[in-house]
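Required output: the full structure, derived from the provided sequences and hints.
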Amino acid sequence: MTKRMRSPRDDTTSTATTQQRDDVAVDDKPLSDGNRERRPKKPQPVVEHVPLQSVLTTSGMVQATRRPLAGPPKVPSNKVGTLEMYKRFPQEYDLLMAKHDCTQLNRLFGDLMEDVRQRLRSAEHGLRMIDLGCGTGRLLCAALSEAAARRIPLSLLIGYDKEAAMLRIALANMQKQQQQQQRRESEPDAVDSREATETITEALQSIDRAEDWSSSSSGTTTTCLRPFDFLHVRQGALHAPHPTHHIAVCAWSLSYVMRSCWGGDRWHQELRDTVDAIVASVVDGGAVVIIETLGNGCETPTRRNVMMEFLEAEYGFEHTWIRTDYVFSSVQEGEALCRFFFAHGVADGFREKGVTTLPECTVFFSSIQFVAFVVPRRQPFLYIDK
Numbered sequence: 131m132t133k134r135m136r137s138p139r140d141d142t143t144s145t146a147t148t149q150q151r152d153d154v155a156v157d158d159k160p161l162s163d164g165n166r167e168r169r170p171k172k173p174q175p176v177v178e179h180v181p182l183q184s185v186l187t188t189s190g191m192v193q194a195t196r197r198p199l200a201g202p203p204k205v206p207s208n209k210v211g212t213l214e215m216y217k218r219f220p221q222e223y224d225l226l227m228a229k230h231d232c233t234q235l236n237r238l239f240g241d242l243m244e245d246v247r248q249r250l251r252s253a254e255h256g257l258r259m260i261d262l263g264c265g266t267g268r269l270l271c272a273a274l275s276e277a278a279a280r281r282i283p284l285s286l287l288i289g290y291d292k293e294a295a296m297l298r299i300a301l302a303n304m305q306k307q308q309q310q311q312q313r314r315e316s317e318p319d320a321v322d323s324r325e326a327t328e329t330i331t332e333a334l335q336s337i338d339r340a341e342d343w344s345s346s347s348s349g350t351t352t353t354c355l356r357p358f359d360f361l362h363v364r365q366g367a368l369h370a371p372h373p374t375h376h377i378a379v380c381a382w383s384l385s386y387v388m389r390s391c392w393g394g395d396r397w398h399q400e401l402r403d404t405v406d407a408i409v410a411s412v413v414d415g416g417a418v419v420i421i422e423t424l425g426n427g428c429e430t431p432t433r434r435n436v437m438m439e440f441l442e443a444e445y446g447f448e449h450t451w452i453r454t455d456y457v458f459s460s461v462q463e464g465e466a467l468c469r470f471f472f473a474h475g476v477a478d479g480f481r482e483k484g485v486t487t488l489p490e491c492t493v494f495f496s497s498i499q500f501v502a503f504v505v506p507r508r509q510p511f512l513y514i515d516k
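Position 232 (the sequence shown) corresponds to 362 in the numbering used here; numbering is contiguous.
Check before you lean on any hint, since a few could be wrong.
[To be verified] Cβ-Cβ distance ranges computed for the label pairs, FRET-style:
| id | residue 1 | residue 2 | range |
| --- | --- | --- | --- |
| 1 | A228 | R314 | 17 to 27 Å |
| 2 | S459 | T212 | 17 to 27 Å |
| 3 | R251 | V461 | 47 to 57 Å |
| 4 | H369 | K483 | 48 to 58 Å |
| 5 | Q399 | G446 | 12 to 22 Å |
| 6 | Q399 | R281 | 41 to 51 Å |
[Stated by the list, open to error] Derived DSS-like pairs: lysine-lysine, alpha-carbon spacing no greater than 30 Å straight-line:
| id | residue 1 | residue 2 |
| --- | --- | --- |
| 7 | K217 | K204 |
| 8 | K204 | K306 |
| 9 | K229 | K306 |
| 10 | K229 | K209 |
Since the hints were derived computationally from the structure, they do not count as laboratory data.
By construction, the Cβ of each residue, glycine as well, lies at the ideal position given by its N, Cα and C atoms.
Structure (structure tokens):
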């Protein structure tokens, strides 16, 4: 017996969420009698509210965030724990991610954006996209780049991540991306600037009501970045009146939900609740994209991805794998940047083999959500430890 993935809803409702600070305040009242877990309060924005007029410079480019970033990155010489890395070393992490060749991934993502725009009338005036676990903004920047190259209008970009430090860099990266696009459009051989889509990034105070973002003028992109945790996804923090999305992305992040409750089948329900909330945040006919790693140091997939089996068995996601290699300018650079992220084994390989590239395989899941036709299969998922 099948079960509907979600109830019919129009293009103005939603349900999903993302990430928050570790030190967020909590309510004194417990969730339920006998339950010591406390409900996190609604997360605050990563930066102060900046009126639109003060965001723009005389040249129309976006100013940097008010809180300056730290000094030049100092890459640790030893492996850093994942959670500590995102909190304490966001610039060093972003330096490594700048070496991540996601050309194929960005092309796939751009194709999906174009497909959604052509199919949905509500996307004609601008796509609305949310990136859950956006990190330093790789997919958000890719969305800006692909939209500019393909002349796809973007009306709203939402980026949520647990660490505010990552979001500050994401905002700076998006602003840099926009400035580069503006320079290209101003070149003599570029298209008439009147035909170009103007992009404005604003650090919004809130995105929980339509009036918080829908007042932006036509042809502009409004961006909201703030700390959110996946706990908020499962608690339904993106229910209406928060805007719905044409595209929901979760890249290299959903695996952390699984890891947090690993053991037997304990992670099944946590993952179901999270994916259900992500799916429910997407408008009828919109797309859900999930991206995960299939192995480093290999030219073809070698890692058994249990999450892939889960998503295909229970939700009918389709997938394709692509190469997303790390390409460095020297052996020394590859060794230094990979040691603090991938540990000594991977880093030592650069010196031993004299290479400057770390091969990586990545899986790209996608699912078009039609309320009336697509339902989760909900077949019992059996995980067998091989």
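Tested hints:
Range check, A228 to R314: about 19 Å between beta-carbon atoms, so the 17 to 27 Å window is met. The hinted window of 17 to 27 Å between S459 and T212 holds, with their beta carbons roughly 25 Å apart. Separated by about 53 Å at the C-beta atoms, R251 and V461 satisfy the suggested range of 47 to 57 Å. Hint check: H369 to K483, Cβ distance near 51 Å, so the stated range 48 to 58 Å holds.
Evaluation of the 12 to 22 Å hint for Q399 and G446 yields a pass: the beta carbon distance comes to about 19 Å. For the pair Q399 and R281, the beta carbons lie near 43 Å from each other, so the given range of 41 to 51 Å is met. In summary, the hint linking K217 to K204 is supported, as the alpha carbons are separated by about 14 Å, within the 30 Å threshold. Among the hinted pairs, K204 with K306 is consistent with the structure: their alpha-carbon atoms are about 22 Å apart, no more than 30 Å.
For a cut-off of 30 Å, the pair hint linking K229 to K306 stands: about 17 Å separates their Cα positions. For the proposed pair K229 and K209, the alpha carbon gap of about 18 Å is at most 30 Å, so the pair holds.
The structure is consistent with each of the numbered hints, conforming to all of them.
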